Amino acid sequence: MADRDQLFALQFRATASGQAVRNTFHVRQNPTAGHVDAAHLQALLADANTTTLINAYKGMLRTSDTLDVVLARGVEDPLDASFVPVEAALVLNAAGTRAVPAAGGPTGLSMVVGLYTDTSGRRYMGRFWPPPPVDQTAFSGTTISTGHVYYTAVNAFVTQLVKTTYPSGAGHYGGAWNDNDLAVWSRRAASIPADPQYARVTDIQPKLQVHYLRSREARQ
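Its first residue numbered 1, the sequence shown is counted upward by one per residue in our numbering.
Treat each hint with caution, since some may be false.
Unchecked claim - Derived pair list, reagent style SDA-like, types lysine to any residue, alpha-carbon separation capped at 25 Å: (1) LYS207 - GLY147; (2) LYS163 - ASN23; (3) LYS163 - LEU45.
Everything labelled a hint here was simulated from the structure, so no lab data went into it. This structure is a prediction, so every number in the text was calculated from the model and none was measured.
Sequences and hints are given; from them, build the entire structure.
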């Protein structure tokens with residue numbers, strides 16, 4: 001399947017207050033630049049622009065949190081159970097850089113960031129939950145306070161992530177990121193041979209409304 005050879009996932013794995021935080025972004029490599037292989041993934045993880053993304057991600061984490069690993073992995077093939085994707089990992093175990101607040105909060109509450117693409121249809125709309133603020137002062141009612149350092153940190157990460165989208169033009173990341181664009185991958189579409197598996201991201205928008213992610217809360 002051609003699409004799977006052009007796609008990979010970049011996953012940030014962190015720990016906040018003992019809870020796992022996972023953010024996964026899909027990336028499409030221009031087919032004219034070849035197919036995704038282990039060498040490409042290793043080069044991308046070692047690229048200076050990836051380091052910039054990592055530093056911005058750490059800005060969303062408190063100094064008591066850790067960014068454990070950044071994993072680059074080819075996408076699965078729902079139509080071929082024998083297919084084994086290539087992967088590469090960058091082990092960090094690095095502390096976040098946002099100060100620990102005086103008053104903590106639930107790890108399940110955070111804002112959501114929307115990913116919008118050049119293809120219509122719900123399956124080609126994406127989103128991600130940034131690391132949680134774990135800070136009572138980050139909220140203003142049911143929204144995130146725009147004057148809070150957490151909101152600033154999320155927007156700083158989004159600013160860097162925008163540079164991986166194809167409309168960024170001259171601002172697009174270079175180096176190993178050349179010919180690589182942020183995308184939304186649909187597992188459902190990947191199981192239908194006639195449908196495109198992905199759509200490239202054209203816009204990224206943080207949303208102020210607070211959302212609850214149960215998987216990030218400790219089980220009682």
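Hints the structure violates: just list their numbers, smallest first. Violated hints: none at all, because every hint is consistent with the structure.
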